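2 protein chains.
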Amino acid sequence: MKQRIAIDMDDVMADTYGKFAQLYLQGETPRYTIEELREKSFHELLDETEFKTLFKNVYKPGFFSDIAVMEGAQDTIARLMEQYEVFVATAAMEFPNSLREKYDWLAKHFPNIHWRNIIFLGDKSILGADYLIDDLPRNLKTFAGKGLLFSAPHNRDETAYTRVNNWTEVAGQLL
Amino acid sequence: MKQRIAIDMDDVMADTYGKFAQLYLQGETPRYTIEELREKSFHELLDETEFKTLFKNVYKPGFFSDIAVMEGAQDTIARLMEQYEVFVATAAMEFPNSLREKYDWLAKHFPNIHWRNIIFLGDKSILGADYLIDDLPRNLKTFAGKGLLFSAPHNRDETAYTRVNNWTEVAGQLL
Numbered sequence: 000m001k002q003r004i005a006i007d008m009d010d011v012m013a014d015t016y017g018k019f020a021q022l023y024l025q026g027e028t029p030r031y032t033i034e035e036l037r038e039k040s041f042h043e044l045l046d047e048t049e050f051k052t053l054f055k056n057v058y059k060p061g062f063f064s065d066i067a068v069m070e071g072a073q074d075t076i077a078r079l080m081e082q083y084e085v086f087v088a089t090a091a092m093e094f095p096n097s098l099r100e101k102y103d104w105l106a107k108h109f110p111n112i113h114w115r116n117i118i119f120l121g122d123k124s125i126l127g128a129d130y131l132i133d134d135l136p137r138n139l140k141t142f143a144g145k146g147l148l149f150s151a152p153h154n155r156d157e158t159a160y161t162r163v164n165n166w167t168e169v170a171g172q173l174l
Numbered sequence: 000m001k002q003r004i005a006i007d008m009d010d011v012m013a014d015t016y017g018k019f020a021q022l023y024l025q026g027e028t029p030r031y032t033i034e035e036l037r038e039k040s041f042h043e044l045l046d047e048t049e050f051k052t053l054f055k056n057v058y059k060p061g062f063f064s065d066i067a068v069m070e071g072a073q074d075t076i077a078r079l080m081e082q083y084e085v086f087v088a089t090a091a092m093e094f095p096n097s098l099r100e101k102y103d104w105l106a107k108h109f110p111n112i113h114w115r116n117i118i119f120l121g122d123k124s125i126l127g128a129d130y131l132i133d134d135l136p137r138n139l140k141t142f143a144g145k146g147l148l149f150s151a152p153h154n155r156d157e158t159a160y161t162r163v164n165n166w167t168e169v170a171g172q173l174l
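Going down the list, the protein sequences come from chains Y and E. Take 0 as the starting number for the first sequence in numbering that gives the first Met the number 0 and just add one per residue. Take 0 as the starting number for the second sequence in numbering that gives the first Met the number 0 and just add one per residue.
Treat the hints with care, since some could be wrong.
Copies of the same chain look alike in the list, so a pair counts if it fits in one copy or across any two.
Pairs of lysine-lysine, DSS-like flavour, derived with a Cα cap of 25 Å [stated by the list, open to error]: (1) K1 / K145; (2) K1 / K140; (3) K51 / K18; (4) K107 / K59.
These are computed hints drawn from the structure, not numbers from a lab. Source: prediction; values computed, not measured.
Generate coordinates for the entire structure from the input sequences, incorporating the hints supplied.
Below is the structure:
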């Protein structure tokens, strides 16, 4: 039986952070450049009001529809699918408006991933997979298999997990 | 740590079969009574055209919104939640229109189940839980924990799993 890999969507397959950065820069009074935004997390850079204003965007219809695909994700995932059983595991339940948008986004950008291999959930500790690629240490912490931490500004100080900085490094670890 | 129970929605928490029966009886030329429909499966009773016509309803917006709650499900699940960690695991991915409808149905009828404990998926073999309550033998077959087969007309000849005929019997098995 093939080993199973579960892959997170936001900030792993999809450049959700980039979408937030774009919305921030389009806002009324941006105080940072895109380079600064890519270096530190919004939690570090923004004050509470700015953060809340920015984050509210996730509840707007369409927020999840036009997020860019993370560089290299399509190619590496297609190659992973030759050797592994690949599942997408995304915490869509927190934002019910995202359910259909995430489903359609996957159908558009990853049409080779069957609906049987898509999982919308809240708590990833229930996944019985061999690997989990995720940007959130809290998801890796409760995962029973091996976790790979996909680099993002909000996890750059985390040292407890094997880090992958991009999809080329994912390929290096798993292929 | 509490043991984990994953519970299927259609024909376990929700009387989806009853919704189909109702639609069939409202059709142009029903050939069976509700009693006959509860005894045998649609596959046995209907010819191919009748079956396809009836089944097409799942793709209509709203199909999943007004399904009745299975008798005893609310009470027994509330009691299970005192002893177990309860997850809802439903194969919503096959019918993308069902995603939001199922989410809203759960929020309406089972408001005590947190969104973190709701899972929309296709292949239940990825669930790392201790129990799975499901009406489909194919889901129990690949499940790593203990399966309980919730009785439905389409599984009445199945003998490979512990059978529960209703929510009182689920309580008898697990409480």
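Tested hints:
{"no.": "1", "hint": "K1 / K145", "verdict": "both (15 Å within a copy, 23 Å between copies)"}
{"no.": "2", "hint": "K1 / K140", "verdict": "both (24 Å within a copy, 18 Å between copies)"}
{"no.": "3", "hint": "K51 / K18", "verdict": "within (15 Å within a copy, 43 Å between copies)"}
{"no.": "4", "hint": "K107 / K59", "verdict": "both (20 Å within a copy, 22 Å between copies)"}
Comparing the model with each earlier hint shows no violations; every hint is respected.
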